[in-house]
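Chains as they are written, first to last, in the working numbering: chain P, 1 to 135; chain R, 1001 to 1145.
One or more hints might be untrue.
[Claimed, not checked] Short derived list, chain R residues pointing at chain P, Cβ under 7 Å: (1) M1023; (2) E1026; (3) L1043; (4) Y1044; (5) G1078; (6) S1079; (7) T1081; (8) S1082.
[Said to hold, decoys possible] Looking from chain P toward chain R, a few residues come up when the C-beta cut is under 10 Å (computed): (9) L6; (10) A34; (11) T39; (12) D65; (13) D67; (14) G99; (15) K102; (16) T118; (17) I119; (18) S120.
Everything labelled a hint here was simulated from the structure, so no lab data went into it. Ideal Cβ placement from N, Cα and C applies to all residues, glycine included.
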Amino acid sequence: MTREELPNLAESKLTALVVDDNFVNQSIHQKLLARLGITNEVVCNGKEAVDAHCSGRNYDLILMDMDMPIMNGIQATKRLREMGIESKIAGVTTRANEGEKKEFMEAGLNDFQEKPLTISKLLSILHKFDFYVQT
Amino acid sequence: MQRQVALIKQSLFDQGYLDEQFMELEELQDDANPNFVEEVSALYFKDSARLINNIDQALERGSFDFNRLDSYMHQFKGSSTSIGASKVKAECTKFREYCRAGNAEGCLRTFHQLKKEHSTLRKKLEHYFQLARQAGPKETARRPK
């Protein structure tokens, strides 16, 4: 897909939360979302993601890293689901062996993608969640 | 000059320093962020310098905490993968294998090579970005299939 063919989802007014402790990944994931017109915020670990929701913020999509200090992605996903958060959560991690993936999915993910995240993978996530319909 | 910039970038791919992920990042550049890749690269080198320092200190202490070293290297590999730093990523993978095997000598040897690759990539990218800025807005070069 060329740059010119990228969908602009700004009209959908989607919001996203990037949960990742790595500054490089934060920057890239935010840029990916912004290129598709998705407003987004970033936090550095699972606890900050939970705190954001406790303070009343809510998001259509959460991109959740697995390995983070203080509270990892598995713990944060479980906690968010316990809180009744129904946002779509996509796990994004370099850990891809079946056991780790299964554990992460069972925590409450809606989807899982292996890093590095790309436009194609992000569109696949959005398509799976019916946020984006390819024409 | 744009041709020179394109040739330099092509050589980075041909010599295995960069992989397709770098191209993915370039595709994200737009008028709002025309220097996005350079900014992300700067972030990467700043972050990875910190990790290198942490690992250096851990190795200098002499006691090999392989779990801690593996944890540092997991982060390093993650960042390297995200910007397409192919050779650095490969050395990260080797280092982690040596950690899992409890092979201290292998870790030291690989870490030495990793620092070399990291330093080489840094210099090459700095040169590339400097020329790219001088050349002005560039079109994205395509890798030959």
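Okay, the hints, checked on the actual structure:
{"no.": "1", "hint": "M1023", "in the structure": "violated (10 Å)"}
{"no.": "2", "hint": "E1026", "in the structure": "violated (10 Å)"}
{"no.": "3", "hint": "L1043", "in the structure": "holds (5 Å)"}
{"no.": "4", "hint": "Y1044", "in the structure": "holds (5 Å)"}
{"no.": "5", "hint": "G1078", "in the structure": "holds (5 Å)"}
{"no.": "6", "hint": "S1079", "in the structure": "holds (4 Å)"}
{"no.": "7", "hint": "T1081", "in the structure": "holds (5 Å)"}
{"no.": "8", "hint": "S1082", "in the structure": "holds (5 Å)"}
{"no.": "9", "hint": "L6", "in the structure": "holds (9 Å)"}
{"no.": "10", "hint": "A34", "in the structure": "holds (8 Å)"}
{"no.": "11", "hint": "T39", "in the structure": "violated (14 Å)"}
{"no.": "12", "hint": "D65", "in the structure": "holds (9 Å)"}
{"no.": "13", "hint": "D67", "in the structure": "holds (7 Å)"}
{"no.": "14", "hint": "G99", "in the structure": "violated (16 Å)"}
{"no.": "15", "hint": "K102", "in the structure": "violated (19 Å)"}
{"no.": "16", "hint": "T118", "in the structure": "holds (5 Å)"}
{"no.": "17", "hint": "I119", "in the structure": "holds (7 Å)"}
{"no.": "18", "hint": "S120", "in the structure": "holds (9 Å)"}
The structure does not agree with the numbered hints 1, 2, 11, 14 and 15 stated previously, though it agrees with the rest.
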